[in-house]
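Position chain E against the provided structure of chain Z, taking the given hints into account.
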Amino acid sequence: MEKKKLKHYLRETLSTLLPILAALVVGGFVILAIGENPITTYGVLLQKSLFTYSGLMKTLHYAGPLILTGLAIAVAFKANIYNMAVEGAAVLGGFSAAVVGFSLHGVSAPVHIFLCLLTGILAGVLYTAIPAFLKAYLNVDEMVVTLMLNYALVIVLQYFTEGGALKDPKAGYVSTYSVSPDAMFQKLFNSDLTPFFFISIIIFIFFWFVFKKSKLGYEITAMGNNPAFSEASGMNVRRKIILIMLISGALSGLAGGGFMLSEKYRYTLDFSGDPGLGWEGMLIALVGRKDPVGILIASIFFAALNTGSDYVDMFTNVPKNIVGVLQGIIILFVSFRAADAKFGISAKLRDKFGKSPKDAPAEGKAA
Amino acid sequence: MNVIETIGLTKEYPNCVANDHISIQVPQSEITAIVGENGAGKTTLMNMFYGMERPTSGVLKIEGREVRFNSPLDAIDCGLGMVHQHFKLVPSLTVFENIMLGTETRKAVKIGKRQVPTPFIDKKQEKEKIAELIRQYNLSLSPDDIVGSISIGAKQQVEILKMLYRNVNILIFDEPTAVLTPQEIEPFLQNLKNMKQQGKTIILITHKLQEVMEVSDQVIVIKRGKIIGSMPTAETSPAQLADMMVGRKVLLRVDKKYEDLSQKPVAYEVKNLSVTESSGKVLLDDVSFQIREGEVLGIAGVEGNGQSELVNVLTGMMRCTGGSVSLYDRDLTNYWPRELRKAGVAMIPEDRYIQGLCREMKVSENLIAGYHGNPEFCSHGFLRGKAVRENLRQQVEKYDIRIGGESSYVSELSGGNAQKIIIAREFSSDPKLLIASQPTRGVDVGSIEFIHKKILELSGQNKAVLIVSSELSEVMSLSDRILVMFKGKIIGEVPGKNADSGEIGLLMAGIAAAG
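Protein chains in written order, with my numbering: chain Z, 1 to 367; chain E, 1001 to 1515.
Here chain Z stands alone, though its shape is the one from the complex (with noise of 0.2 Å):
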């Protein structure tokens, strides 16, 4: 028995490392074409950003708001919903922490932060409440409205960054006014890290525990293997389709004030970076095939492709773009995983080059 569930965690492993070392092995012939040696190339990447204390700690700082784009996104996926207003909530939350950043004076230090934390969160759940809604009581496909929703957000936001009452003059580029120096998470350990940093992992413990343990865990679980089941079993679903998107915009909300508060303190057209907190999140989630633990090693990798890639830039010929490429590579791996656990396609390619379906292993019956 305990054998058997070895072999299962290592095949899970596999599975899970599986894109990126595809990835990884198709990055290295781009480096080659480059002119350089992709060994050395990934040896500057992961050195740099694991295996010293100062890139360590940067990794697991840019882990933080990650994991719990990551977390927003699998909670919503895992129950079937596909909510991509994460990086629209993410973008929102920073939005609102900076405001209550830089407008709010006269308050303790940790009050402020806890302000500014609060407002971010709650605008990720205003925001993803208009997708919620529409879904669970007309019926509109999330997916769209999630999509589309992100793109308006980023032009109001812009509106006022650039042209409303929020606009710093002095700053020399399009930006809000900075988050005065009291709401701003300190460094800690001479570092980059933050409390942050901890605080969302204080959050990963709690959602490993709602994941694997807790009756909203179970509902989700279900509602995203079998919807009728779910129903049949007396779940209110369109009530836990609420809840399940609101939590996923508390996250994201969440996730994007204390990227504001830890790293940023100002709003600025390209606050969520590249390719943006949201989507990454979502590509953490796919890669740790939604599993919590699975989340967290991919927020810490992904981080590190984020860390190294400046230092692949200072010491290799090759540009630091080279993450872009790899992270494109391993979307493409990582949904042909997803393409295959939905349409089966590994197995119709086995049924149809000779072997029956005989042949392929044997689902273990018991009595």
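No wet-lab data here; the hints were simulated from the structure.
Any given hint might turn out to be false.
Stated by the list, open to error - Under the rule of at most 20 Å between Cα atoms (straight-line distance), these lysine to aspartate or glutamate pairs were calculated in the EDC-like manner:
1. Z/K212 x E/E1376
2. E/K1061 x E/E1132
3. Z/K215 x E/E1390
4. Z/K215 x E/E1339
5. E/K1454 x E/E1493
6. Z/K212 x E/E1406
7. Z/K212 x E/E1390
8. E/K1193 x E/E1132
9. Z/K213 x E/E1365
What the hints assert, rightly or not - One side only, chain Z facing chain E, incomplete, derived with CB under 7 Å:
10. K212
11. S214
12. N225
13. A228
14. F229
15. S233
All residues carry an ideal CB built from backbone N, CA and C; glycine is no exception.
Relative to chain Z, chain E alone:
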């Protein structure tokens, strides 16, 4: 002459044999009906005919030639067309545009003596062609109507025309009357006869025996992937067909004690229950019955006569448009599943892997589904792992569920063991009423006996039980009274003790007993 002939046609899936050495002959210009219950293998067979599935082994001959289809296009090229149950039409286009889609006639320009085709569609000529076909087959369609605005019966005619226009000789109809209203069925059957007179060969898949009797020349009965009978329609009767479709030799008899229940209080009452779809189709028609304490009421009938809808309404998965349901003095009409469970209704759903269980979850998790919010399993939003595991141990022991280990998934279990999970879950809630739909479908003999015993035990504890099953023998061996459903109605009642399968068979075929 036989247009279609199969020799030992077999289709195997990883877990089951859908078609087991099917050998049939379909004669030219006749209507052949293929009957059988859901899941008997009719659709798989037709999909092989139509190139949508490839046989594992066996030979398919069309007009004497052995063929191998890779796609429906190959089948159409061979003169074989299929009219699906769910139409594949473009609602915003007209009738003739839908028919010509993909084979449009293009306008030609005469240059010298040659006809040179242009990219423009010759609508006038298309319309004429379709009008001609409509006349030839005596259909009631106008080529210019927008498909989105015509009735379902007319849409079906468009589908038929699509095939006729492509010059097919053999037409396969998959449950053609399932979507039609009763008024549309008669003209449809007439159309079939017309087409037959014009020399077309027709295969009709159905489980409506009256239609089979009315139009077909030959009937083939399929059960569990095998041919169990093939005969000219004139030599059979609806009752015999119903028997062949659902009846099987009673494998085992549980010891049912028949008592006089007329003095017991009524536990469950269904009054004038009706469901009418927005299209006007009546799914349930004025169904009423009572179940007394300790009574097992069986509902028999050929599948597709409203039993599923009845169960769906009673278990909160579908809303009724009229009538009422009550348990003791409590009104349960249109209650949600969770409210029903709270009121003391236990439910065994028709399809265990759709509504009853979640394969991708653990056995222990499935055993608490629907009760997972109860305080014994859940406190402050978190599940009590210990209680869930303890519950698993108890139920596995009590209901003899054979699982691999404590973290086994439902997908690893056989059908019988999976069904026992549902039985264990529903019975342990100490219900006042059990609604069981197809409680032993696809379950091995040993588990059938066990499940039957448990159901009778429950009724022995003065609970009311409703059993809906298409296995006649199951209904007969468990029930105190048997109601037979036909076309959404209760067509008759038979006492369970010494029930006569012949009498029930007649009722199932829609022939109400005289007196």
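**Prompt:** Can you list which hints this structure breaks, lowest number first?
**Reply:** 2, 5, 10
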